[in-house]
Structures are given as structure tokens and as C-alpha cells.
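> Sequence:
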Amino acid sequence: MSSESLDCMSHLEEYYTNWIKELLDVRKIHYDPHDLKILPKTIGFGGSASVYAAKWKDTSTIYAIKKFVENKEVYLTDLANSHENIIQFRGITKLEDGKKYSLVLEYADGGTLRSYLRNNTITFNWENQLKFAKEIASAILWLHDVKEIIHGDLHPNNILIHKDTIKLADFGRSCIKGSDINTGTYGLIPYMDPKFFETNSYRLTEKSDIYSLGVLYWELTSRKSPFDFEKKSSDDHLSIITNILKLLREEPIEDTNDKFVVLYKKCWEHEPDNRPNILKVISELNCIDPENNNVSIIPEESEESEKTANVYSCQIAIK
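Each residue of the sequence shown is one higher than the one before, counting from 1 in the UniProt record's numbering.
Because the hints were derived from the structure by calculation, they are not lab data. Hints may be right or wrong, so weigh each one.
[Claimed, not checked] Computed cross-link-like contacts, DSBU-like style, restricted to lysine-lysine with a CA-CA straight-line distance of at most 30 Å:
1) Lys21 x Lys134
2) Lys37 x Lys55
3) Lys94 x Lys37
4) Lys21 x Lys100
5) Lys163 x Lys134
6) Lys195 x Lys232
7) Lys147 x Lys131
8) Lys37 x Lys100
9) Lys246 x Lys266
10) Lys99 x Lys131
11) Lys280 x Lys232
12) Lys224 x Lys163
13) Lys246 x Lys177
14) Lys259 x Lys134
15) Lys147 x Lys280
16) Lys131 x Lys21
17) Lys67 x Lys246
18) Lys131 x Lys266
19) Lys37 x Lys57
20) Lys67 x Lys94
21) Lys131 x Lys163
Please model the complete structure; the sequences and the hints are all you need to start from.
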């Protein structure tokens, strides 16, 4: 690592430390660990950190506690806050058995998207698939265009469900757009930007998230893990990577909305420049009929219809 990169990282760490100091001294959103009763069951894992449920004092209020995170994750989780499709940041605490801070987060009662898809294979219909697709895109729009954050680790175990609403979570591998920091090659293979597998020096971009989004959209319609990744051993990982680099992708599920298939195929294009940005994704989602999954290919337009096509352009509808 170059001296310039080390110097940049040092300055960033100082910035994150000062941010936490403001959380403690000014905004006062620190939770006394004695007021949090950690429940015995682990509810998930985020990167290298475990996530537990905890009761607040003697109330019925339950929070999720992500234990022992880096200062950068505290900063980015707070920065990404205040969107209905992102898990809410409540504060920080320093548990007695650790030196690092732990995150106090909104508790999602529906578990992960992965478990939701596995447990609702029959009842999870097209209308709900499109709803979730729009909510995930809305969260990414908030990150990319409002907060200038690249998530960097989008997969169904980092997307939670609370009251039948999508909640994007886990900013442990996220970064600020344009930051000249190599985030390393991390994540779940089927959802990772293939460019990571071509060069160790590749850096996250917004289009890395868009690739992951394309795979997630396929998974919404299939309810399956791409390439049966969950059932594979580590011995199979290299062959999956090789196939992805050969442009192998999952096949569309029969009767999936044609426009939706076209959209997610654009998202998982190998070359980042060929992938749409999140605004384009949302624009195309809003042109898809939520009541009709099996849509035939649109016939070629006549010359007259081309002249008036702009009249029927779709509006972007993001809260």
C-alpha cells in the first residue's frame, strides 16, 4: 500500500473518531450497556460481526445489536440513516466484553430476504416481487444520489424485512463515492462485480451495486440462490467465478415479466459502463405493470407511434 493511501486512511480514521465523539457529546445517542439485555440467540452475521437481539431495560422494545464494528461502519450507518428502506440507526454502545463500539439498530421482525424467499415460495407473487424490487432500488438511490455511498456488499442476507417492507442493512464494506481506497475483494461470489475477479486493484463504483441488484432481481423471481451457491462447497467457488467471467448468468424463470428480465440482464452486464445507473433502473421499474407478470414482447412501433412515444413516457416515483 502506498504512503499516500496510508496517509488518507489515517485522516479518515481521525474523521470517524471525531464523528463518534460528536455522537457521544453532542447528539448523546449512546446506550448504557447495563440497560440492554442481550438475548441468547444470534440473529445474523454482518461481515465479521455477529448481530444479536436485545431488550431495552424492562420494556418490550427490542433492538438489534451489531457487536464490535469499526469506526467507519458507525459513521456510514449513521450517514445512511433516515430512509424508510434502510435499517434505522438508533445509537451506539460499548459492551463490557469489547473495546470497540457496537451498533444499536432497528430490529427487523421478518428476518433476512434470503429466509423470507425460502419460507414464502408459494405466496410471494409478482406484485410483491415488484414491490420489493422498487424498495431495494429506492434504498440504493438514497445511498448513491443523496448520501454518495456505495454499499459494496448487496446480497439477500444484508437485506432485511420489517413489517413486509425492505430494510437494507450492513455498511461494513461500504465506502464514500470517489474515495481512493481499495476496499478489497469481499462478498458473496454470485453478487460480486465480476471486475473484482479480473484485477485485485479494482475499486468499488456505483455500478458494482447495480450488478448485485441484477442478481437480486433474478433471485426475487426464482426464490433460489444463484448457481445454487448456498449448497456449494468452497471447492466449487473457482468454477463459479470462471463461469461468471465467461459471461454465464442464470436463466430467466418462466413467465417472468419480459421488461423485468430485460432490466436485470442490463444490470448484470459484465462491463460496468453497459449497466444502467440507479435512476434508469427506477425509471424502468415504474414502467412495469404490477398486475401482469406474463407480458409479451412489445411489437415494433409504427412511424406514427414513434412520433408520439414521448407522450407516454413513465414518471419516476420515489418517496
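> Now tell me if each hint is right for this structure.
For each hint, the structure was consulted:
1. Under the criterion of a C-alpha separation no larger than 30 Å, the hint pairing Lys21 with Lys134 is inconsistent with the structure, at around 36 Å.
2. As the CA atoms of Lys37 and Lys55 are separated by approximately 5 Å, the hinted pair is consistent with the 30 Å bound.
3. At most 30 Å may separate the alpha-carbon atoms for a hinted pair to count; Lys94 and Lys37 meet this at roughly 13 Å.
4. Taken as a hint, the Lys21 and Lys100 pair is honoured in the structure, with Cα atoms around 13 Å apart against an allowance of 30 Å.
5. About 16 Å separates the Cα atoms of Lys163 and Lys134, which keeps this hinted pair within 30 Å; it holds.
6. Of the pairs offered as hints, the one joining Lys195 and Lys232 holds, with about 22 Å between alpha carbons and a cut-off of 30 Å not exceeded.
7. Of the pairs offered as hints, the one joining Lys147 and Lys131 holds, with about 23 Å between alpha carbons and a cut-off of 30 Å not exceeded.
8. At most 30 Å may separate the alpha-carbon atoms for a hinted pair to count; Lys37 and Lys100 meet this at roughly 18 Å.
9. With a C-alpha separation of about 16 Å, the suggested pair Lys246 and Lys266 falls inside the 30 Å cut-off, and the hint holds.
10. Note on Lys99 and Lys131: the hinted pairing is violated, with a Cα-Cα distance of about 41 Å set against a maximum of 30 Å.
11. A hinted pair counts as satisfied when its Cα atoms are at most 30 Å apart, and Lys280 with Lys232 does not qualify at roughly 34 Å.
12. About 22 Å separates the Cα atoms of Lys224 and Lys163, which keeps this hinted pair within 30 Å; it holds.
13. A hinted pair counts as satisfied when its Cα atoms are at most 30 Å apart, and Lys246 with Lys177 qualifies at roughly 29 Å.
14. A distance of roughly 14 Å separates the Cα atoms of Lys259 and Lys134; the hinted pair therefore holds under the 30 Å criterion.
15. Under the criterion of a C-alpha separation no larger than 30 Å, the hint pairing Lys147 with Lys280 is consistent with the structure, at around 18 Å.
16. Restraint check for Lys131 and Lys21: the C-alpha separation of about 39 Å exceeds 30 Å, so the hint is violated.
17. Proposed proximity of Lys67 and Lys246 is contradicted: the alpha carbons are some 39 Å apart, above 30 Å.
18. With a C-alpha separation of about 19 Å, the suggested pairing of Lys131 with Lys266 holds against the 30 Å cut-off.
19. Restraint check for Lys37 and Lys57: satisfied, since their Cα atoms lie roughly 7 Å apart, inside the 30 Å limit.
20. Annotation: proposed proximity of Lys67 to Lys94 holds, straight-line Cα distance about 9 Å (limit 30 Å).
21. Using a Cα cut-off of 30 Å, the hinted pair Lys131 and Lys163 holds, with the two alpha carbons roughly 13 Å apart.
Consistency with the previously given hints fails for numbers 1, 10, 11, 16, 17, ordered from lowest to highest.
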